[in-house]
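Anchor point for the sequence shown: position 85 equals 85 in the working numbering, and the numbering is continuous, going up by one each time.
Quick caveat, the hints were computed from the structure, so don't treat them as lab data. Predicted model only: the values in this text are computed from it and were never measured. Don't take each hint at face value.
[Said to hold, decoys possible] Pair by pair, the computed Cβ-Cβ distance ranges are:
#, residue 1, residue 2, range
1, Arg57, Ala104, 13 to 21 Å
2, Tyr25, Ala85, 17 to 25 Å
3, Cys106, Gly78, 35 to 43 Å
4, Pro81, Asp54, 32 to 40 Å
5, Pro108, Leu46, 14 to 22 Å
6, Arg103, Leu14, 19 to 27 Å
All C-beta atoms, glycine included, are put in the ideal place defined by N, C-alpha and C.
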Amino acid sequence: MRGGRVIGDGARLLAVALLFGALAYLGIEGTRGEGHVPLLWLPNGLIAGWLLRDGARLAQLALVACGLASFALSLGLGDAPGVAAALMLANLAEIAGTVAVLRAGCGPRPDMERPRTLG
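Take the sequences, apply the hints, and build the full model.
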């Protein structure tokens, strides 16, 4: 049974990283011609929501997976490694900070279907 859970967790982490990367790419493509830092950044909110809803057990691995996706995408779009690393760290700080603040104010697993419970 343990092996099935590991495979399931791996598939979930891969899906999260791919979704993060796809949303990041779409966000960046939407700003082409004006740099590649979009005004609205959906990937971080999506991952924060997933972590709050049912990803707590995989939080650290999910952050690593999304960080790697962010770093790889930035490098692929031509950023220098230092810039790619800075953008990755900013994304991870935003995700972790959002999750920490919401958990501190709303409990370890806020009911996302009842917005009133979110503060």
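- Does the hinted range 13 to 21 Å hold for arginine 57 and alanine 104 at CB? Because 19 Å falls inside the window, the suggested range holds.
- Message: Taking 32 to 40 Å as the stated bounds, is the beta-carbon spacing between proline 81 and aspartate 54 within them?
- Response: Holds: the Cβ-Cβ distance is about 34 Å, inside 32 to 40 Å.
- Does 14 to 22 Å hold as the CB distance between proline 108 and leucine 46, or does it fail? Since the Cβ atoms of proline 108 and leucine 46 sit about 20 Å apart, the hinted range of 14 to 22 Å holds.
- Okay, tyrosine 25 versus alanine 85 on CB: inside 17 to 25 Å? With Cβ atoms ~18 Å apart, the hint holds.
- Task: With 19 to 27 Å as the target window, see if arginine 103 and leucine 14 comply at their CB atoms.
- Result: With a Cβ separation near 25 Å, arginine 103 and leucine 14 satisfy 19 to 27 Å, so the hint holds.
- Is it true that cysteine 106 and glycine 78 lie within 35 to 43 Å of each other by Cβ? This hint holds: roughly 39 Å between Cβ atoms.
Checked against the numbered hints above, the structure violates none of them.
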